[in-house]
Amino acid sequence: MRWRGDALRAAALLLLCVGYAAAQELSVLCTTRDLADLAARVGGKAVRAEALSNGTQDPHRVLAKPSTLLKVRRADVLIEMGLDLEHAWLPALLESAHNERIQPGQPGFINASAGLVPLEVPATADRSRGTDVHPRGNPHYNVDPEGGRLMARNIAAGLSALRPEQKAEFAENLRSFEADLDAKLKEWAPALAKLRGAKFVTRHGWYVYLAQRAGFTVLADLEPEPGLEPGPTHVAAVMELIRREKPAALLVPPWKQDGITARVAQNTGVKVLALPMGSTGDGQNATWLEWMDHVIRSMAATVLEKPAQ
Amino acid sequence: MSLIFRRGRGVSKLSARVFRCALAFCTVLALPAQDASSVEQRLAAMQVSYEARIAALEAQVQSLRAVAPTANESTDDVALGTAIAGVMGRLDQTTRFSNRFNPAIGLVVDVVASASSRPDAYAIDNQFHLRTTELSLAGRVDPHVNVVATLAATTEGVELEEAFAVWDRGLPDTFTLRAGRLPVDFGRASPLHDHELPFTDKPGALQELLGGRALTTGVALHHWFGLGDVPLRWSFGVGNRLDGDAHAVQGPLVGHGHDDEHSGPEPFGDRDGDMLYTARITAHTELSTDDDLQVGASIVHAPAERYFYFSDPPLNTMADAATLDRTVSGVDITWRHTDPSNGSALTVGGEWLWWSAERADDSAASPLFARTHADGGWVFVDYAFDRHWSVSARAERFRHLEDRDLLWRGWNAALSWNIDEYHRLRVEGGGVQDDGLAASWHFVQVQWTLVLGSHGHALAW
Numbered sequence: 001m002r003w004r005g006d007a008l009r010a011a012a013l014l015l016l017c018v019g020y021a022a023a024q025e026l027s028v029l030c031t032t033r034d035l036a037d038l039a040a041r042v043g044g045k046a047v048r049a050e051a052l053s054n055g056t057q058d059p060h061r062v063l064a065k066p067s068t069l070l071k072v073r074r075a076d077v078l079i080e081m082g083l084d085l086e087h088a089w090l091p092a093l094l095e096s097a098h099n100e101r102i103q104p105g106q107p108g109f110i111n112a113s114a115g116l117v118p119l120e121v122p123a124t125a126d127r128s129r130g131t132d133v134h135p136r137g138n139p140h141y142n143v144d145p146e147g148g149r150l151m152a153r154n155i156a157a158g159l160s161a162l163r164p165e166q167k168a169e170f171a172e173n174l175r176s177f178e179a180d181l182d183a184k185l186k187e188w189a190p191a192l193a194k195l196r197g198a199k200f201v202t203r204h205g206w207y208v209y210l211a212q213r214a215g216f217t218v219l220a221d222l223e224p225e226p227g228l229e230p231g232p233t234h235v236a237a238v239m240e241l242i243r244r245e246k247p248a249a250l251l252v253p254p255w256k257q258d259g260i261t262a263r264v265a266q267n268t269g270v271k272v273l274a275l276p277m278g279s280t281g282d283g284q285n286a287t288w289l290e291w292m293d294h295v296i297r298s299m300a301a302t303v304l305e306k307p308a309q
Numbered sequence: 001m002s003l004i005f006r007r008g009r010g011v012s013k014l015s016a017r018v019f020r021c022a023l024a025f026c027t028v029l030a031l032p033a034q035d036a037s038s039v040e041q042r043l044a045a046m047q048v049s050y051e052a053r054i055a056a057l058e059a060q061v062q063s064l065r066a067v068a069p070t071a072n073e074s075t076d077d078v079a080l081g082t083a084i085a086g087v088m089g090r091l092d093q094t095t096r097f098s099n100r101f102n103p104a105i106g107l108v109v110d111v112v113a114s115a116s117s118r119p120d121a122y123a124i125d126n127q128f129h130l131r132t133t134e135l136s137l138a139g140r141v142d143p144h145v146n147v148v149a150t151l152a153a154t155t156e157g158v159e160l161e162e163a164f165a166v167w168d169r170g171l172p173d174t175f176t177l178r179a180g181r182l183p184v185d186f187g188r189a190s191p192l193h194d195h196e197l198p199f200t201d202k203p204g205a206l207q208e209l210l211g212g213r214a215l216t217t218g219v220a221l222h223h224w225f226g227l228g229d230v231p232l233r234w235s236f237g238v239g240n241r242l243d244g245d246a247h248a249v250q251g252p253l254v255g256h257g258h259d260d261e262h263s264g265p266e267p268f269g270d271r272d273g274d275m276l277y278t279a280r281i282t283a284h285t286e287l288s289t290d291d292d293l294q295v296g297a298s299i300v301h302a303p304a305e306r307y308f309y310f311s312d313p314p315l316n317t318m319a320d321a322a323t324l325d326r327t328v329s330g331v332d333i334t335w336r337h338t339d340p341s342n343g344s345a346l347t348v349g350g351e352w353l354w355w356s357a358e359r360a361d362d363s364a365a366s367p368l369f370a371r372t373h374a375d376g377g378w379v380f381v382d383y384a385f386d387r388h389w390s391v392s393a394r395a396e397r398f399r400h401l402e403d404r405d406l407l408w409r410g411w412n413a414a415l416s417w418n419i420d421e422y423h424r425l426r427v428e429g430g431g432v433q434d435d436g437l438a439a440s441w442h443f444v445q446v447q448w449t450l451v452l453g454s455h456g457h458a459l460a461w
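These protein sequence lines are chains A and B, in that order. Using the working numbering, count along the first sequence one by one with no gaps and you end on 309. Using the working numbering, count along the second sequence one by one with no gaps and you end on 461.
Pulled out of the complex, with its shape left as it was, chain B reads as follows (with noise of 0.2 Å):
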């Protein structure tokens, strides 16, 4: 203000005076009695981040100031070259070509080099892999949403995996609000990219059953509180459709990749409808110092998706229609044992799912449609021996969603040496027994994960 009333030789100093009074008398009446302390506090605290900040400054101005100008080089001069520097310098504009607001860029390259004697294998099989390459983009929109997109290129093209807003800031107590293409929160495993998990691939359950990692389109509502000293959270979701992807190297879905309503087989293809609806509840407890116990329940319900099937003969030149539901639920639990003087960890954890749908039996003439179900699972162990070596196993099996009475059983370990945060090689062999192609076989697989730039995760729970 006071720059102002220099400035403003139309305003007397009396007039000046008078209107900095009714200035500070306004501010007065506008500030309620009530926050006068916590302006104070807001005060001082700027009082002290502004010291600090001048300390930093006067330490860099001394710095500087060592750098003492050449013997023939006189301060003026110094100081006018600097000045003109100054003047002829720098734009201090934001142009459209800077990078200033630019969010964080992080890219994953995973290669895998896979061996198996599986009888049927697909054409990955044998070979190196670029499995996927995926390039994600996160950063602030404003002070209450940020944005994640995560895009996957592989050999066969590149899709868009995940872009999703989180309202984060400024809605009530700790909810949460997520829109866009975003992850189903099923489970621990199901939510995490492929790169992240102990070991190569998704569970063969979690493939046959979900689709690997269940996506969908739509909104979800995230919330956590204390339920005592126990952190539980919850968490509520509709979408158009649950759309399955994986990009397994073993598996039931090595060779699908994407489970979506234009490609892929049942339960996931040719199918398009009415909303689904998501939830999970988890609770996470201390047992003791070291060890903590989390158990989640989750659930993907669609009560209404739309079947198109040809009759034979056909009855008309259209397609019909069934409207078949479909709900897969599952229960987790993780055990982790920590020991922070070494930095050493053992996990272990499992997860079962159910699923249960009407299905149409193509086999028929004309499209029969019945309940079906199948269940299947996992458990695994994970051993950290610190923060670069660790040990994994893994057993599963499931029952097919073709026939209830073949069942997928495997078992794989790996060790993985992660050499840095970014760099991680890994060396996984495994066997599956399968009777739904009355056979079994063994893999051998080594997987080399990097990471270039930023990546970062919110805590995952």
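Isolated chain A (complex conformation) (with noise of 0.2 Å):
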């Protein structure tokens, strides 16, 4: 009968080794999948990160469901992107979790936009300006590569201020990032000089970090303002524009290829290119990195060789 006595005493010691380590895990909410890539990988072993969208879906309206409250309340870290990108899901599934340890102000809650300089700041929230006005400026930051360094950034200064003791891991963790982003940098740095220049019709201003970065134009924006359907005379005005200007392609996120998109395509020829708009954890665009690339190649490929003078 002995043997069931330290077979049950090393039962309970794995148990409490499991517990333990289970633990030492930071539990870390993000609410897009970029994020959650970003976590894991400045993070490493000492989070678990989960997102609540992915790059399929439009983030401003994730739905809050009562069943994400739990994961609300149990996390550690909440990680977001800001400038009111979530404003219609996340303060309520917030406010309801009354998780003290990730509301706004307290170590366990990181704005992943803190330090950027914003685009499209509006000098008046005013809703004339169409519906989905950011009063802080244009919050999709992610879709740019320096943008995937500042997030990264944010979040390993964010959970070195959590675990001060794991700062060195997290510190190696991002350089580690960042080496492979500084490499993946060069490797774009042909088609980032194909797309100066070039021209594109978007469908909500997701691209406006990119084309600074790039150097490349939208000529107009489906959305007459931002979070307004078009009506059929601005996208007349738009159809005429692109047969004028010949865009390289019309980029829009995979929820928007609907029968607007299809129309515009078909009235002018235009390409139409669907991108998520962030990585969607798997296939090619399984991670920030992986989706970033497959972004840039994608609209690099719509853009035709010039001419040689």
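It is possible that part of the hints are untrue.
Covered stretches of chain B, as calculated for chain A (at least 3 residues, CB under 8 Å) [to be verified]: (1) 40-49; (2) 217-230; (3) 285-293; (4) 340-347; (5) 383-390; (6) 418-432.
Please keep in mind that the hints were generated in silico from the structure rather than gathered at the bench. Using N, Cα and C, we set each Cβ at its ideal position, and we do this for glycine too.
Since each chain sits alone in its own frame, please combine them into the complex, following the hints.
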């Protein structure tokens, strides 16, 4: 019977070890898959990162389900994109979850946009300028290679504040990520050069930061104002512009491959490029770096080679 | 501290050092040893926060510096001008005219144009109707409590729909305490404002058996917790009485409006007295990544409502009073399938209510009291194609309170166009067969709903 006692003690010890390891692991809840990917990359074994949305979803309108409450309630860390991207659903979840650890101002709350100099900051918060008005500026800085660096750095800073004893580990992970990003930037240089001077039409202001970085032009937006569906007059005006300026592509998120997009493509012959607006956790967009790679290469592929001078 | 010592000429350098050491010693003593790591964490967090702010401010300074002075204007002139503007500038005090601490303000305008073949058409049929103009105020009182107040203006007047405080921070676990005039936590549809429904009106059964939107003046305690991976919420409330509030364009309460203790028909009218008790329990679970299910049960119970009446022939000059009880209970179920890739969502749900009460039979010469029962419910389906377009359909039936053998059966279908988050147009049509009126009719209506200013809700489930 002695072996039974030993086995029980061993099992108890194992359970304690597993429990201790689990207790040491930070539960990190992220509003987007990009943030979850970067949190996992920077946090390493110290974190267990989970995303509340992925790149095939509109991050402005994630359904705030009661079942999500438990995740928010149990999280040690919450990472948000900020700049009002999640204003339609995150505040209600935070309010109902009653988790003091992750409320704004607490060490467990990380705003990944900290330090960003945002673009398109409106002079006034006025809904005559659209219903998706972000008073703090355009929140789609994840669609930019340097946006990834900013998110990763802020996550590293936030995790280091929460776990000072693992600061060196987070810093090392961050260095590793930034080395990969720098290598990718060298790889992307020809594609980014190809994009310089190119023209695109978009549907919503997803590409503002990338346009500034790569030097391409967004000729027009199929949304007359942020968050508004285009009326016939606006669609006609954009189609006329497309016929005249011949942009490389109409860039749309996956959830906007609808009748309007099809009509514009059919009437103008413009190429439609549907790209997820963030990493998806699988396939060629599994991580933020892979997704960024996919976006830059896909966009560059639409740009015709410039004729030799 | 260093500022104090620089200015404090009477304090010698030595005594200043001694004082600093003593202060540091006291600070160390005051901090428990086990809190050191949490203080370090807070310090590190503050450092991160301030570094971010400094970076943002530096960027701002850089952008401001980019605006160079004009050729005939020296840098010193600009600096002097800025200094003068600063000295003569703002008051830097909050005055009684300041609006910086004002609550969030929102206004909802709900206009309905309806046409009906109802034989006893009320005044609001077959014309344009400004159903409500709802002014809502919401803001935090202090770190623990927020307050929500809603005033509804109709063509008949202005009423205070709700005004309640929510103690949502600082209570143990996930407890929340509400107090004031508040919506009764009963089912899924009752607590919603009319303009938030997928249809123009609340279901007929809800109008008949609960008075529309059930309100009370009292307190309610809410709490939720995780039963494994299933969030479960319960609430318990105590109020003065159950008031129904409806701005119905169609349904049994059309033309009645408000069923409180001073107006409206039985079962809500002419009753007063002891406390009303309310309770609800609901659970929400994910069947799959894209499917979730919510079930709930609710009850309101008034054990001793006072009913006043005059005997016939009058036995004395005072009104007689009887003590009557009333209970309404209900169950609800909602299943939702969402497709996050295109924003579409299919929602199917239903509620069933049971009503049991002692009621006066006014047709008798002297009031006779008898227990009566009624029940009713509805099922609905709502399909949102995307964030802009949705179609909904509802079927309902209930037994009239006056006579449970008399049935009301109705259906309606609606097409909603959410032009944006603050602007919606809806076309709705339907039919009713009412044994009470021994008639059937059809209706069609257009609803135009606009939201001005701030409008948000806590997570409702």
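### Task
Compare the structure with the hints numbered earlier in the document and write down the numbers of the violated ones, lowest to highest.
Per hint list: zero violations.
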